[in-house]
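Take the sequences, apply the hints, and build the full model.
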Amino acid sequence: MIKYIDEYRDKNLVLKIADEIKRISTRPLRFMEVCGGHTMAIQKFGIPSLLPDTIQLLSGPGCPVCVTDRRFIDTAIAFARLDDTIITTYGDLIRVPGSSSSLDAERGKGHDIKIVYCILDALEIAKENPDKKVIFLGIGFETTTPSSAAGMVNAINMGLENFYLHSSHKVMPPAMTALIDEGVKIDGYIAPGHVSTITGTSIYNDIPSKYNLGCVISGFEPVDLMQAILMLTKQKESNKAKVEIQYKRAVKEEGNIKAQKLVGEVFEADDDWWRGLGVLKDSGLKLREAFGHMDAERAIPVEVEKTREDSGCICGEILKGLKSPADCKLFGKACTPNDPVGACMVSNEGACHAWLRYRG
Amino acid sequence: MPEKNSRILLGHGSGGKLTHELIDSLFVKHFNNPELDRQTDAALLEVPAHKIAFTTDAFVVDPIFFPGGDIGKLAVCGTVNDVAVSGATPLYLSAAFIIEEGFPLQDLKRIVISMAEEAKMAGVSIVTGDTKVVNKDKCDKVFITTTGIGTLVEKHYSISEGKQVRAGDKVIINGSIGDHGMAIMSARNELKLSAPLISDCASLNGLISEITGASEKVHFMRDATRGGLATVITELSTNKDYGINIYEERLLIDEGVRGMCELLGFDPMYVANEGKVVVVVADEDAEIVVKAMQKNKFGKDARIIGEVVTDHPGRAWLQTVIGGNRIIDMLAGEQLPRIC
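Residue numbers (my numbering), protein chains in the order written: chain F, 1 to 360; chain C, 1 to 340.
To be clear, the hints were calculated from the coordinates, so they are not data collected in a lab.
Don't be surprised by glycine CBs; every beta carbon is placed ideally from N, CA and C.
Treat the hints with caution; some may be incorrect.
Not everything, but these chain C residues come out facing chain F in the computed CB check (under 8 Å) [to be verified]:
#1 N33
#2 P34
#3 D37
#4 E262
#5 G265
#6 T320
#7 V321
#8 G324
With a cut-off of at most 27 Å between alpha-carbon atoms, the simulated DSS-like pairs for lysine-lysine come out as follows [to be verified]:
#9 C:K136 - F:K132
#10 F:K329 - C:K240
#11 F:K132 - C:K138
#12 C:K240 - F:K44
#13 C:K109 - C:K136
#14 F:K210 - F:K185
#15 C:K136 - F:K109
#16 F:K114 - C:K141
#17 F:K109 - C:K138
#18 F:K109 - C:K141
#19 C:K138 - F:K114
#20 C:K132 - C:K17
#21 C:K136 - F:K114
#22 C:K17 - C:K155
Laid out in structure tokens, this is it:
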């Protein structure tokens, strides 16, 4: 596996692509990545230091933890406070501040909150605790939704009657077009490779046709990202906006049809709220009626406190690429990874977290 | 063995008969040294009239047995290394045990023997200790606190603070990074990974005495434990009038460790080690020190990984494998809990 990765971290190849970008770049261009994995890799490998001054990279709303509605966290906390529940969640979510608490703080008070690495672990917990309601917090984009969908189907096949999903699953394209509609000035998208391994490429077709912006579906290694930046620069310099696949070793035009079908059976599109962007039409996924009895919000009545947003935090603007983390007066001072105010500082895929860690 | 004799009981920590039996049959027997044999309230120690290095560390690692070591070996190595990297010669350790009621005596015996063996290997004596037993579920199996003292000669006084570090010095490490943290991760059942990763847990005082023997110009030493190499490098550069450059391509990372880090999203520079020392040496002595280290079994992969520079004072930079530059900072966010 490592030998396979090394080819995509080849210094000479990276520097050659960097030279090529420098050679063809004639005007200032701003490209946005909308995937937390890209944000992290770009900062970790020091990619901005290899680009000419004309090319600027922006981080968009690509970290699922970061765009998640605070009300989602508040609701999860309310579930956690019930006597007969076990909350199961990916580790990232646990430290995200809610309106007045966090799952971490609730765990400290003795409420049963378990970190799992996969929804299948949560199913096991449900099986072992038949007298408890086990709630899985489902977040993520097109890449994680199939595993949640599979989990729901498995729960039914296992005959579990105590397993629930609290879903904040989202789809990426509505956010990408919403950003442009809001007037965010960019010259192309570095699109997430793993999303397209599931969905294929057609989800981005509107972006070149309606907005005349390029979309290059990129892998996650330095050579991938440099090549994607080169492809976007070429598109812009020759004024030809299109959807292109850089990540050809993983992405097929049609995507993973089996996964798409599974997601379609379990979820349906619904309007959803994004931090910084507000409610976007058909940008979320809710459980279909057939799975409604396993939807935590529908099945488990609970009183949720009134949602309160922090003043001073500019996560919303950062997620839109309008501001950079360094513009936030809380950044690195009142808001740090150990004591985060905004969600962008919590997840290691968040723009603020990656900036603080690798750019200081 | 009947159940009541095979497990730790609350009475083993009562100070009464059971406590004394446990001390005699286990601790005194295996730690075996004249200072402990006297069983005085405080050990009386012969110490040459030097400066003394004095350190303490608590160990709560989960699981208590892992590939490459166990909580006992770790408790000896960790404290021995903290004394040794200060430029001191570790001499004596104390060991305090907090044991959960019902803990198997066999496991305790295994831990104590492992501590005795490691102490013998490191040339230190465990001369005093304490045992407490707490009710079931009030602690997780066993926690160990060790305290160590060592003597320090005058020429090494400045090593622990790094007061002599200056631009041009070379940064050296004795081998691969990230082994301990990833060995612990792989040993934890919850991840269900079976890659055979082995902790680098080792007492480095032998290696360190060879380092200080090879050069009078060792300007700084620190063991890269929790927070990994990145944390040591950040500590070394913060608020200083010099900067540090580290070259990622020179770092040695075991293939299994790298694979697991990729899989779990960890940066090996931040993953804990328990047998790695970062050494800063004057440029002219750097090769001599590396060669001396390479002769020791804990230094055979020793290498220069970076240098102290006049640029970007107060900051450490990493030149990445692809030739980009980025900052090295302290571990941000979640650490792996109970790694040591």
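Now the hints, each set against the structure:
no.	hint	verdict
1	N33	violated (42 Å)
2	P34	violated (47 Å)
3	D37	violated (45 Å)
4	E262	holds (7 Å)
5	G265	holds (7 Å)
6	T320	holds (5 Å)
7	V321	holds (5 Å)
8	G324	holds (3 Å)
9	C:K136 - F:K132	holds (24 Å)
10	F:K329 - C:K240	holds (26 Å)
11	F:K132 - C:K138	holds (24 Å)
12	C:K240 - F:K44	holds (24 Å)
13	C:K109 - C:K136	holds (19 Å)
14	F:K210 - F:K185	holds (15 Å)
15	C:K136 - F:K109	holds (20 Å)
16	F:K114 - C:K141	holds (21 Å)
17	F:K109 - C:K138	holds (16 Å)
18	F:K109 - C:K141	holds (23 Å)
19	C:K138 - F:K114	holds (20 Å)
20	C:K132 - C:K17	holds (14 Å)
21	C:K136 - F:K114	holds (22 Å)
22	C:K17 - C:K155	violated (48 Å)
Checked against the numbered hints above, the structure breaks hints 1, 2, 3 and 22 and satisfies the rest.
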